[in-house]
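Colleague: These are the residues of each chain, in order.
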Amino acid sequence: MKELSLNILDIAQNSVKAGADTVSILLDETPETLTIRIEDNGCGMKEDFLREVTDPFTTTRTTRKVGLGIPLFQLAAEQTEGSFSITSRHIDEHPEDHGTVTEAVFHKNHLDFTPLGDVVSTITVLIQGSPEIRWIYRHSTDRGEVALDTDELKEALGDVPLNHIEVINWITGYLKEQYEEIGYR
Amino acid sequence: MKSLAELAEIKARMQNKVVLREGSGDVRVVVGMATCGIAAGARPVLNTFVEEVNNSGLADKVTVTQTGCIGICQFEPVVEVFEADKPKVTYVKMTPEKAKEVVEKHLKGGKIITDYTISNI
Chain G
467 MKELSLNILD
477 IAQNSVKAGA
487 DTVSILLDET
497 PETLTIRIED
507 NGCGMKEDFL
517 REVTDPFTTT
527 RTTRKVGLGI
537 PLFQLAAEQT
547 EGSFSITSRH
557 IDEHPEDHGT
567 VTEAVFHKNH
577 LDFTPLGDVV
587 STITVLIQGS
597 PEIRWIYRHS
607 TDRGEVALDT
617 DELKEALGDV
627 PLNHIEVINW
637 ITGYLKEQYE
647 EIGYR
Chain A
12 MKSLAELAEI
22 KARMQNKVVL
32 REGSGDVRVV
42 VGMATCGIAA
52 GARPVLNTFV
62 EEVNNSGLAD
72 KVTVTQTGCI
82 GICQFEPVVE
92 VFEADKPKVT
102 YVKMTPEKAK
112 EVVEKHLKGG
122 KIITDYTISN
132 I
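Order-wise, the sequence lines are chains G and A.
All residue numbers for the first sequence refer to the numbering used here, where the first residue is 467 and numbers rise by one.
All residue numbers for the second sequence refer to the numbering used here, where the first residue is 12 and numbers rise by one.
Among the hints, a few may not be true.
As the list claims (entries may be wrong) - Once the Cα atoms are required to be at most 27 Å apart in a straight line, the calculated DSS-like pairs of lysine-lysine come out as:
id: 1; chain 1: G; residue 1: Lys642; chain 2: A; residue 2: Lys22
id: 2; chain 1: G; residue 1: Lys642; chain 2: A; residue 2: Lys99
id: 3; chain 1: A; residue 1: Lys97; chain 2: A; residue 2: Lys72
id: 4; chain 1: A; residue 1: Lys119; chain 2: A; residue 2: Lys97
id: 5; chain 1: A; residue 1: Lys13; chain 2: G; residue 2: Lys620
id: 6; chain 1: A; residue 1: Lys111; chain 2: G; residue 2: Lys468
id: 7; chain 1: G; residue 1: Lys468; chain 2: A; residue 2: Lys109
id: 8; chain 1: G; residue 1: Lys620; chain 2: G; residue 2: Lys642
id: 9; chain 1: A; residue 1: Lys13; chain 2: G; residue 2: Lys642
id: 10; chain 1: A; residue 1: Lys13; chain 2: G; residue 2: Lys483
id: 11; chain 1: A; residue 1: Lys119; chain 2: A; residue 2: Lys109
id: 12; chain 1: G; residue 1: Lys574; chain 2: G; residue 2: Lys642
id: 13; chain 1: A; residue 1: Lys111; chain 2: G; residue 2: Lys620
id: 14; chain 1: G; residue 1: Lys620; chain 2: A; residue 2: Lys119
id: 15; chain 1: A; residue 1: Lys22; chain 2: A; residue 2: Lys72
id: 16; chain 1: G; residue 1: Lys468; chain 2: A; residue 2: Lys104
I should point out that these hints are in silico values taken from the structure, not numbers from a laboratory.
Just so it is clear, the structure is predicted and the values come from calculations on it, not from any experiment.
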């Protein structure tokens with residue numbers, strides 16, 4: 467993947483597939499590190515599957531026996547001497563409180579750090595594809611914060627779907643303006 | 012500065028339109044958005060379809076959606092076009108430029124661009 471924002475898009479698709487109704491994408495950035503955390507309340511994974519989930523030969527896809535999404539994300543973090551973790555609570559064992567948290571820490575000044583890239587585009591693609599999900603996005607930096615919660619948007623929009631082109635364009639502008647305001651990049 | 016009040020304006024404008032885009036399309040454009048598609052460049056392809064379908068005034072007729080791995084990872088980004096009573100068209104190795112052309116010639120003009128379809132690989 468050329469940008470970490472593409473890994474985020476890929477990992478968040480797992481949350482969509484897990485049937486989550488809320489997905490949070492939380493970025494926490496210091497001058498030295500970038501932490502990416504993707505949290506969902508989907509069906510979760512059982513322990514034996516979770517143990518193997520970073521193995522490229524473990525996958526939920528039915529068209530092939532290879533799944534590279536999680537291994538690629540883990541590799542992107544570990545090649546910067548960062549860290550990666552995934553925890554999950556399966557719906558059968560935790561009927562009230564299930565879901566998955568994937569977290570990766572990157573060292574930004576490491577030679578092998580992949581740039582974050584167009585994260586705004588990742589967020590709009592996710593909303594466009596799954597407007598029924600509540601998407602929470604927060605990117606904290608030492609200069610300030612960029613945030614979006616689709617529940618607040620839905621309240622203002624009523625019956626208009628979140629994936630209507632005018633809404634998608636508005637979200638793009640809304641996030642870009644926030645990034646400009648904190649002088650990011 | 013953008014504010015949530017602008018969303019209320021969008022809502023007011025939409026209420027004058029009878030048909031909302033959701034579910035009304037008889038043509039479906041499906042972009043593969045699994046790891047293989049994303050790594051090969053599906054994100055800008057999807058964005059181009061969403062924008063161009065709207066710019067060409069096709070939003071009431073064409074719905075752009077996403078799917079997982081279609082199974083032909085070596086040909087990603089893959090885009091499938093479904094139209095009622097017609098065979099599925101599979102475009103392979105797509106780019107934003109090709110996507111623009113597909114909207115113009117195929118979705119708008121009704122002519123399949125066979126140079127970009129899988130049968131031509």
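Colleague: Take the hints in turn and mark each one as holding or not.
Modeller: Now for the hints, and whether the structure bears them out:
no., hint, in the structure
1, G:Lys642 - A:Lys22, "holds (22 Å)"
2, G:Lys642 - A:Lys99, "violated (37 Å)"
3, A:Lys97 - A:Lys72, "holds (15 Å)"
4, A:Lys119 - A:Lys97, "holds (16 Å)"
5, A:Lys13 - G:Lys620, "holds (16 Å)"
6, A:Lys111 - G:Lys468, "holds (23 Å)"
7, G:Lys468 - A:Lys109, "holds (21 Å)"
8, G:Lys620 - G:Lys642, "holds (20 Å)"
9, A:Lys13 - G:Lys642, "holds (10 Å)"
10, A:Lys13 - G:Lys483, "violated (32 Å)"
11, A:Lys119 - A:Lys109, "holds (14 Å)"
12, G:Lys574 - G:Lys642, "holds (22 Å)"
13, A:Lys111 - G:Lys620, "violated (30 Å)"
14, G:Lys620 - A:Lys119, "violated (32 Å)"
15, A:Lys22 - A:Lys72, "holds (21 Å)"
16, G:Lys468 - A:Lys104, "holds (17 Å)"
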